[in-house]
Amino acid sequence: MTAAPPIIELCHVDKYFGPFQALTDINFAVRQGERVVVCGPSGSGKSTMIRCINRLEEHDAGTITVDGILLGDDTKDIRAVRQDVGMVFQQFNLFPHLTVLENLTIGPIRVRKMDKAAAEALGRKYLDRVHIPEQADKFPSQLSGGQQQRVAIARSLCMEPKIMLFDEPTSALDPEMISEVLEAMVELANSGMTMVCVTHEMGFARRVADKMVFMEAGRIVETAPPGEFFTAPKSDRARMFLDQILEH
Amino acid sequence: MARAGKRGLRRVMASTPVSVVIYLIVMFLIVETALKGAEAMGYNWQWYRIPQYFFEDGDAGIVLGEIPWGLVGTITLSTMAFALAVGIGLLVALLRLSDLIVGRAVARVFLEIVRNIPLLVLLYVFYYVFGPIFGMDRYVASVLCLAVFHGALMSEIFRGGIAAVALGQWEAAKSVGMSTAQIYRYIILPQSVRFMLPPMTSEVVNMIKSSAIVSVIAVVELTTVGRNIISDTYLSFEIWFTIAAVYMALTLIISSFASYLERRYAVTD
Ligand SMILES: Nc1ncnc2c1ncn2[C@@H]1O[C@H](COP(=O)(O)OP(=O)(O)OP(=O)(O)O)[C@@H](O)[C@H]1O
Ligand SMILES: [Mg+2]
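Chain order of the listed sequences is B and D. Going left to right, the first sequence walks through residues 1 to 248 as the working numbering numbers them. Going left to right, the second sequence walks through residues 1 to 269 as the working numbering numbers them.
Chain B with its partners taken away, still in its complex shape (with noise of 0.2 angstroms):
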């Protein structure tokens, strides 16, 4: 029970857009190998507080350390810090006009300055794992939308990062294909990884989660347990928006 130093740290995290503030106060810590769950009605800033982990978006006060690092204005920093932490996107994002297996090489090739080999064996590894090994010379645009996630997941695990950021993975698949994509990262989480996932596959969160977070408008007003936070949520709201997602 020896409490592990956080990999992610967010004191007092405050975010604006324009006059908008999305974020206020955020206090958040992640610990190694752990598996967070973060969910909250729509726009109440879960996108906007995993992005500011790989500062997709800029935090406007308080501090952000991921892995040991401070992120600031520091280009090198931010690589780095980028370098360590894998994203996955609800639109899978994947480049286009370049091969399944290219699109898994060119950051360990560009960044890693890996050879292209080395690369490819790694690519075909993690394909693998993701269980689509067959796909490694199609377009992205020849993949069905389960697949083209599974590829963007792989993509991020060619890094070899040592957290996993996931902002609503399934929410832009049809129905049949969002239980490929959650076994997937399911067995990304019995593999050891330190995993962020913001969600609303709430069987998912029963599996894996080690810790729930509920945001409501830029707060975070709950963090328990998973068996705590569906069984007995302590805040009025976090209640009501379970009941409103649970029904479906």
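Warning: the hint list may mix true and false statements.
What the hints assert, rightly or not - A short list of chain B residues far from chain D (calculated; beta carbon distances all over 12 angstroms):
(1) Arg31
(2) Glu134
(3) Ala224
Claimed, not checked - Here are the computed lysine-lysine pairs in the BS3-like style, where the Cα-Cα straight-line distance is at most 30 angstroms:
(4) D:Lys174 x B:Lys76
(5) B:Lys211 x D:Lys174
(6) B:Lys113 x B:Lys162
(7) B:Lys138 x D:Lys174
(8) D:Lys174 x B:Lys113
(9) B:Lys162 x D:Lys174
Unchecked claim - Selected chain B positions facing chain D (in silico; Cβ < 10 angstroms):
(10) Arg51
(11) Arg55
(12) Arg79
(13) Val85
(14) Asn93
(15) Phe95
Hint data in this document are derived by calculation from the structure and do not stem from the laboratory. For every residue, glycine included, the Cβ atom is placed at its ideal position computed from N, Cα and C.
Add chain D with the ligands to chain B, keeping to what the hints say.
Chain D with the ligands only, in chain B's frame:
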């Protein structure tokens, strides 16, 4: 009903056979008018004297005449100016899109100055002002002038093409740790090509046509050659028709090459 009728009419007017017929009638009327006018002036057509300006039957067999050499001059001038213009255009576009406040301002001022000066005036500035200052001869001044003028216009094409690539591409590339230069080179520019090809083609065609302006400072190219021949022979109608046809042939070849490229780069996403 009237609407449907109008739309039907428009469709008939836009069909290929109708377009060809209209085109032929218009061309016939133009040629007819020109010939009539020339006849009324008592113009003495001497087309038979034109071929010698394409091929000369010299001592060493058949050699290229003045017009092909003028064409070579136009192509050389345009190619050099184009290469420089692409560099200038890309640089200005990237400055415009950068986070550098000074860079953005410089790019903006450059663009506004260049595109609000007539090309002819810009050429005089390069030749009569910068020429003596920087020791440029007329050829260098012409190339630089065309490159700067069209580079400024191309920067807007680059900027549009870059902006047309989805924001998610930037985010995905950043999140694997790529630098801004790498993102442009490997992710954004390759995808912008298809957005830039159509406007870039018309810019190249414009550039070839506007290269004719350097004839005012007697740089050897197609239009200058035309002027020189006419001052020796007074064959103005024949020569100008011929020169115009040569320009058209060149630009049509370029346009069809560009539409081939467009088909090649038409990636689906
Ligand atoms: N680039 C932006 N410019 C202005 N406002 C923004 C921007 N991005 C987000 N916002 C606003 O910030 C708030 C939080 O947005 P965010 O995307 O983080 O919410 P979310 O919890 O992820 O919602 P969703 O479930 O719909 O994805 C919203 O009110 C949104 O309108
Ligand atoms: Mg969101």
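Here is what the structure says about each hint:
At the 12 angstroms boundary, the C-beta of Arg31 (chain B) stays outside the reach of chain D, the nearest C-beta of that chain being 22 angstroms off. For Glu134 (chain B), the condition that its CB be more than 12 angstroms from all CB atoms of chain D holds, with the nearest at approximately 21 angstroms. Non-interface status of Ala224 (chain B) relative to chain D is upheld: no Cβ of that chain comes within 12 angstroms, the nearest being about 29 angstroms off. This hinted pair checks out: Lys174 (chain D) and Lys76 (chain B) have alpha carbons roughly 12 angstroms apart, not beyond 30 angstroms.
Taking the CA atoms of Lys211 (chain B) and Lys174 (chain D), the gap is near 28 angstroms; set against the 30 angstroms cutoff, the hint holds. Note on Lys113 (chain B) and Lys162 (chain B): the hinted pairing holds, with a Cα-Cα distance of about 19 angstroms set against a maximum of 30 angstroms. Distance restraint check for Lys138 (chain B) and Lys174 (chain D): the Cα-Cα separation of roughly 23 angstroms lies within the 30 angstroms cut-off, and the hinted pair is therefore satisfied. Restraint check: the Cα-Cα separation between Lys174 (chain D) and Lys113 (chain B) comes to about 16 angstroms, which is no more than 30 angstroms; the hinted pair holds.
For the proposed pair Lys162 (chain B) and Lys174 (chain D), the alpha carbon gap of about 16 angstroms is at most 30 angstroms, so the pair holds. At its closest, the beta carbon of Arg51 (chain B) sits 8 angstroms from a beta carbon of chain D; the interface hint therefore holds under the 10 angstroms criterion. Taking 10 angstroms as the C-beta cut-off, the interface hint given for Arg55 (chain B) holds, the closest approach to chain D being about 8 angstroms. With a least beta-carbon distance of about 5 angstroms to chain D, the hint placing Arg79 (chain B) at the interface is held under the 10 angstroms criterion.
Hint status for Val85 (chain B): holds, given a least beta-carbon distance of 7 angstroms to chain D, under 10 angstroms. A hinted interface residue such as Asn93 (chain B) counts as satisfied when its beta carbon comes closer than 10 angstroms to some beta carbon of chain D; here the least separation is about 4 angstroms, so the hint holds. With a least beta-carbon distance of about 6 angstroms to chain D, the hint placing Phe95 (chain B) at the interface is held under the 10 angstroms criterion.
Violation of the numbered hints given earlier is absent; every hint is satisfied by the structure.
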